[in-house]
Each structure stands twice: as structure tokens, then as C-alpha cells.
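**Student:** Below are the chains, spelled out letter by letter.
Number of protein chains: 2
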Amino acid sequence: MGAAMARRLAGQGFPITALYDAHHERAAALAAELGAQACETLAAVTGAAEVIFTVVTDDAAQLAIFAETGDSLLIGARGKTFINCATISPATHLELERRAAKAGAQSLEACLASSIPQALAGTLYLMCGGMREVFDGAQDLLIPLSDEGKLLRYIGGAGQAAQVKALVNMVMNINTAGLAEGLGLAAALGLDLKTVMDVFSQTGAASRVLTTDGADMVNRDHACFFSAAHAAKDSGIALKLAQEKGLHLPLAAATRAQYDKMIAAGLGELDKSGVAELTFPGRGPK
Amino acid sequence: MGAAMARRLAGQGFPITALYDAHHERAAALAAELGAQACETLAAVTGAAEVIFTVVTDDAAQLAIFAETGDSLLIGARGKTFINCATISPATHLELERRAAKAGAQSLEACLASSIPQALAGTLYLMCGGMREVFDGAQDLLIPLSDEGKLLRYIGGAGQAAQVKALVNMVMNINTAGLAEGLGLAAALGLDLKTVMDVFSQTGAASRVLTTDGADMVNRDHACFFSAAHAAKDSGIALKLAQEKGLHLPLAAATRAQYDKMIAAGLGELDKSGVAELTFPGRGPK
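Quick note, the sequences are listed as chains U and X, same order. In this text, residue positions in the first sequence follow the working numbering: the first is 1, and each later residue adds one. In this text, residue positions in the second sequence follow the working numbering: the first is 1, and each later residue adds one.
Wrong hints could be hidden among the right ones.
If several chains are the same, the list does not tell them apart, and a pair holds so long as it fits within one copy or across any two.
Claimed, not checked - In silico DSBU-like links for lysine-lysine, alpha-carbon gap of 35 Å or less:
| # | residue 1 | residue 2 |
| --- | --- | --- |
| 1 | Lys-150 | Lys-261 |
| 2 | Lys-261 | Lys-233 |
| 3 | Lys-194 | Lys-102 |
| 4 | Lys-245 | Lys-233 |
| 5 | Lys-194 | Lys-150 |
| 6 | Lys-261 | Lys-102 |
| 7 | Lys-194 | Lys-240 |
| 8 | Lys-245 | Lys-194 |
What the hints contain is simulated information worked out from the structure, not anything from laboratory work.
Take these sequences, add in the hints, and give me the full structure.
**Tutor:** See the structure below:
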């Protein structure tokens, strides 16, 4: 994802000065392509750039590159801006903002609700969290990534974009698991599934996941765009937030249980549409 | 609903010859308006019309007007066509078809997925079940009711349209209860709900119920279009079908439990959007 965003920004005329990857050869290959420097240390990246995008896998990796001791993006960070695109917990975004401020730098959360093809095309759905002036100051770089800004949203303070992303995925997962039940029962009743999906699309049963996942559920095409394991994780983040707020969310809980059941059955790496393997007659584990 | 459909067909130039209502004065008033005869018996309706639309409240009422003894639409029914629009169980549609055939008549299931304003405007979403030739033979009357046929669907044999309607409502109810959880958690987190709904509408969380019910959930505007009690009933019909087929549908079950909870709390006559009263912080029963 980071490489795709760098290619997009380079293609739009922005100078990419420095690249870093835990696997140095990856950074070196892309650096050669984009005329950038492949850095051996995190501190060198900060030294060579004004604005630093970070895309890592999880909270631990995110906190590690912003370490308060040893090699770190925070070294020499005064006056620099960090834009952090990983899907991580809201609390980590708050911690990054705190550490950046301590180093005299600014940080912005830029949560991605899209994937690599959208990054290359500059049509990422970008939800941003942090101080408004940091968001405003980063417009020049964010707009070319988000369909000329049409897909760019300022959500609120640091961590709030991650909260909204968790909500989006929680609701999406519920709609997906519910659709799998509707189509599974339609199949059990011997109904024509093309007709049923047509009716769903024109009535109160219509949803985005009907468009993206309905046919895949019927055809058992579960090549992965967003894995069942990922769905379980994101629903889990939302349920943890709900628990902290004392809210009881039975649909979200039932959905997470379905995705946990997929993981337990060895189906965790299927696409989220694979939840249909639990609801169609004659399929999947009992 | 029956009156609205009669007005629409009269407005399109079809002669409405006979009307019947359990409350005779209602039939009399509409008959005066449309130049029809208000019948005192069911048999008189069949005697005066070629095609008879029926719209009743439940299975018992539907079977009563097609009684095999006493006053009944089946008296003198040879060669007539019945179009039955009530939301009733699939099994009752099969029984009606059997009784009609025994009387030398034809019957068609015409399940409505819309309400009175659509009936008056002739834009009903009509899902039909029964013999294909009966459906084809009723086109002249069905097309002016369904946006020139654009909203007219032949689903399959008698009872199958009722099955699809149960599925539509089951999935709609799941999406509604799930949306209420997403917005309730967003409220608990102090997020801007207008922004959250905007993001939902542009991502995998998008659904028809977001458009129809999202703002109502936020604004606690639960004036009834489709009641929580009705939602519980329809999810229950679908769950019964699932049980007969040996399918386990945890989302549908959790949704029904939410609507049952509303009924138990005296909120059954709120609109289905009222399920948000169970999920927003500081609202509703514990």
C-alpha cells in the first residue's frame, strides 16, 4: 500500500525523497524506480523529508517506528508532519500525536477505506483524524490521493477516524453475515437466487455488500479481498469499544461469532463472503 | 390498501364492478365514489366480477373468504381469477390455489413490497407467485399497478413470492438492527453522527435502511411505517422456514430477539427504526 501511494504521488509530480521498509531490498527497488533514497534508518527518512507517510501492519509496528529511544522517525522531527495510514487502534493514534508533539512535530491519522488499486489510481477513501490545522496543512498531498478530494473526509480528533472505520466494518460485517443468511435460506427453499438478489436490490434488503458479495456467496467465489479473520478482528475492535461504553450489541456479537467460527473451521483466510459457507444448505462445517 | 388499489385501477379506466368489506359502510362509501356495487355477500362479489383482488390481514381471514362451506368467494367461481395481495404464509397461498382449482377458478399470489402511497400512484413493487399462465393472463391489471410493469416480478409457484417477501424483510430487519448498533456506538463515542452516516453511505456499510431509517434513528422519529411488531413477526416467519430446512441463522435470531424485546418493553408499535432505542446510550429499556 505504501509503495502504491508513493507511485501515485510521484506520478502527480511530488518529489519522493526517501523510502524505508523493514525489508531493505523492497525500499531499494522502489527508490530506484522513483529516483528516491532508500534509507537504512528511520531517522534518515525524517531527515530527508518534510512530510512522512507511514503504512505499517499493526499497533506494535506503528509504535516501534515512533519509538522514544533508539532509531525512530522522531529523531530530528521538529517541524515535520507525519501522516499515518495503518489500521490501528484509536488509542495508538492518540499516543502518536502525543509523541510527535513532544518532538515538535505534527501527526495526522489518515485511515484508508480502500485498497491498492485505488491507491494507484488516486481514488482512496481517506478518513482523517487529528488537529484541524494539520489536516488543512496536508491538503496538497491528500487531495491527489482521494479523487481530487471528493473522497477526503475530516472526521475529528486523533483516533476518531479509526473509530469510524471500526464502525464501518462492524456494520458491513453484520450486513454481510445477514445477507449470507437470506441467500442461504433462499437456496434451501429452492428459490431462483438471481431473482432473489434482483428483488433484494430493489427493496429494503438492498445494501452495498449485496452488490459486492452476493454473487460471490452464490458462486462460492471467496478469493480474498477482506478476509474473514480481518472481519472478526474489526468487529472485535468495535465490540471492545462498545463494552467500554457499556453498550450491548447483539448483532455485532453474533456476527463476530460467525467469523470466529470460520477461523475455528480453518476458513479464516477466505474472503468475508465466505460466511455463506456457514449458512447455505449442504456447505461448510456443522 | 384494497381501496387504494381500486382507486388506482378505476383511475386507469378499469370498471370496478363490486366491492366488499367486513365493515359494509366502508365498501358502500367507496362504491359510491367509484360507481360500483357494495356487496352484502362474498358470493355476490364473485358473481359481479371477472377478476377479484383480495387484501386481508392474515391467514385466518384469507382462508375465511375462501371458505369451502357457507358464504365464500368460491361460490360461482368457475372461470374467475383471484389475485391475493395479503402478506400471509406460503402454505396458505398453496391452499388457496388448491381450493380455487377445485372450484374451476384460478388464483395468483401478488405480494406487495410497498404501501398505500405507491398503490395510489400505481407504483407498487409486486412479486407474484402461481402458475405462469395465470400471471401472464393478469398482466393487463398488474401493469398499471406496478409502474407500467417495471416493478412487476414473477417469482415462481404459489407461495414462493411470500417466501421471498419473508426473506426481504428478514434481511431488512437484520440491516436495520445492525445499523442501530453502529449509530448507537457512534453516539456513545461522541462522534458526529451526520459525518458517520455520510461515511457509511459511501463505504461497505451502505444500505437501503441507512437511507430510510438512519436519520430517524438519530432523531428518535419512530412514527410507524413498518412496526417493530411486524418486523418481529416477519423475521419469525423466516426463522420458521429456516428451522424446517435445518438451517441455523444467528443474525436473524438476534434480530428477532431485539424486536421481541421492543414488544416486551411496550415499544412494539414504534417503527422498526425504533430498535435504536435499544442501542443508543441513555435511551430505552435496560
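**Student:** Each hint needs a verdict: does it hold in this structure or not?
**Tutor:** We went through each hint and held it up to the structure:
For the homomeric pair Lys-150 and Lys-261, neither the shortest alpha-carbon distance inside one copy (38 Å) nor that between copies (41 Å) is at most 35 Å. Proximity of Lys-261 and Lys-233 under a CA criterion of 35 Å is satisfied in both settings, with 13 Å inside one chain copy and 28 Å between copies. With identical chains, the CA atoms of Lys-194 and Lys-102 are at most 35 Å apart between copies only, with a shortest distance of 33 Å across copies and 58 Å within one. Taking the shortest alpha-carbon separations for Lys-245 and Lys-233, both the intra-copy value of 19 Å and the inter-copy value of 31 Å come in at or below 35 Å.
Both within a single protomer and between protomers do Lys-194 and Lys-150 lie at most 35 Å apart by alpha-carbon distance, with minima of 34 Å and 17 Å respectively. For the homomeric pair Lys-261 and Lys-102, neither the shortest alpha-carbon distance inside one copy (44 Å) nor that between copies (50 Å) is at most 35 Å. In this assembly of identical chains, Lys-194 and Lys-240 lie within 35 Å of each other by CA distance solely across copies; the values are 23 Å between and 38 Å within a copy. For the identical chains of this complex, Lys-245 and Lys-194 are inter-copy neighbours only, at 20 Å across copies versus 41 Å inside a copy, given an alpha-carbon limit of 35 Å.
The structure shown violates the earlier hints numbered 1, 6.
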